[in-house]
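Trainee: Heads up: the protein sequence lines correspond to chains L and Z, in order.
The opening position of the first sequence corresponds to residue 1 in the working numbering, with each subsequent residue numbered one higher.
The opening position of the second sequence corresponds to residue 1 in the working numbering, with each subsequent residue numbered one higher.
These aren't lab readings, by the way, just hints derived from the structure by calculation.
Hints are not guaranteed to be accurate.
For chains that are exact copies, the list does not tell them apart, and a pair is met inside one copy or across any two.
[To be verified] No more than 30 Å apart at the CA atoms, straight line, and that leaves these computed lysine-lysine pairs for DSS-like:
(1) K218 / K261
(2) K278 / K244
(3) K270 / K217
(4) K115 / K269
(5) K289 / K278
Protein chains: 2
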Amino acid sequence: MTKSILSSLVLILTLCTNQAAFATENTNKDDIKEQLWRTLSPQNTLYMDTQSGRIIFELAEQFSPNNVAHIKQLIRSGFYDGLTFYRVIDGFVIQGGDPSESDEHKSALAKKTMKAEFERTIDKTTSFTLVQSPDLLAEQTGFIDGFAVGRSLTENKEWLITCPGVVNLARSNSPDSGTTDFAIMIGQAPRHLDRNMSIFGRVVHGMEHLNLIKRGKKENGGMIEEPTQRSKIVKMTIAADLPKAQQLNIEIENTHTQAFKQKFAERRKKAHEFYKHKGNGALDICYLKTDVRINK
Amino acid sequence: MTKSILSSLVLILTLCTNQAAFATENTNKDDIKEQLWRTLSPQNTLYMDTQSGRIIFELAEQFSPNNVAHIKQLIRSGFYDGLTFYRVIDGFVIQGGDPSESDEHKSALAKKTMKAEFERTIDKTTSFTLVQSPDLLAEQTGFIDGFAVGRSLTENKEWLITCPGVVNLARSNSPDSGTTDFAIMIGQAPRHLDRNMSIFGRVVHGMEHLNLIKRGKKENGGMIEEPTQRSKIVKMTIAADLPKAQQLNIEIENTHTQAFKQKFAERRKKAHEFYKHKGNGALDICYLKTDVRINK
């Protein structure tokens, strides 16, 4: 076996499937692995079918109830079907919707401006799995229901962090100006947008399909002026609206379980012999992915 | 103009081309903009021609002199031409080279194991543009010659940070086991690899071509077993080895100029009215891109 293969295997072991480390001495390994998983609610699951494949989002109704309800209404009205990704900056953002200059053809629903849901008062009744205190850009980071969350204890506020894969409502300068168009974050987390956008969900599956969405030119701010050059949104659907047989059974790591906490406790240690330098024990929340599995 | 377009323009202004903010009262704006740019040395520039386009790297000979010299020798021997990207995990790594089980067909050069160059003693004679102190994962972060660098003053060490676009020598558990294969980082920075890999360069242009390189399955650790399924490395070339007419004139932001420092001082402030929340003034070094331009 060559070194490159070995290297692969080592990194797989340490990064992807180091599940042996989750087991405690007192617990059956398979039990604790199984506890990791929760099933996604079809009411809270968005299928975005694109020309390059299906991207699945979990909606963040606990953080952005009004924006989520609005997006669901738009989806159910068929607003997005056949529209395009018209502003795409590699390593930063994929924006989709209707970039037309005029609003005349739009429904009242599509013209409705949405009140910002950038943050909320800390919800003490909700589980919060602490990851880092302090983080570089927040007093605390942690997970709530699988979402990366920042907290300011001083201000008694918490918000969804702008990690890769989150989707927010595009807006102009006014916080309350978003209507229909959405922006999916790609590349290194643009954390300067934290507490500045209404994040309404995050990709849980199919992130790789975003790679094939046509990029715009950076010097044009990513705008793709010619509509025929843009990648298309084929259809957006709320899973619950489909017949049962067409709903996917999606399981995702439950970030409030002991198994999940142990997984990241192991990551802090970097105990594997591969690591010459063990680090300072800190974790970047946007690098911590929650694994997902789709049961056929 | 619709809100989505406005939103685009705002973000372009604030993120991409907010160069007006660089100018000081005493300096001509164009002068200070021009000071930003330095020309890449052809001796230190790697063209990686892939099936999806040319990716251009700046080599980090000041940090990894032996690894860079070795890679250059391999490139000049034609080692990589026609090989493949055989281990690709979306959002993490693109690994290329020769994954064959046997070493028999390889030259002495290709079998040579390279001594690790994970970090160096802080070079006090070199300019260091401080970005953050402390960073989440290092005592300090900053730029040296355009590269993101971490520093431990306590240990008197500095190292290249594993931001998206850096390329390192793949290895197995032994730090000194790397030979020929390389790994390009994509997605959120895998900073747990800081001080654990010999980083020998970084992408300065063509990052978007990495999107089209065929991904492997996560459950296989990204390995693409079937060679015909893999994307190809068409050719790797050191720019200086080409006839002058085929060398690109590449300019990149000089991270040691006042103009560059002003640019990031502005970013800390988030003064634009778009930002409702101004943040804590901290910057994630891996999000700070150095712009590049190619003069035809």
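Trainee: Can you give the numbers of the hints that this structure goes against, from lowest to highest?
Mentor: 2
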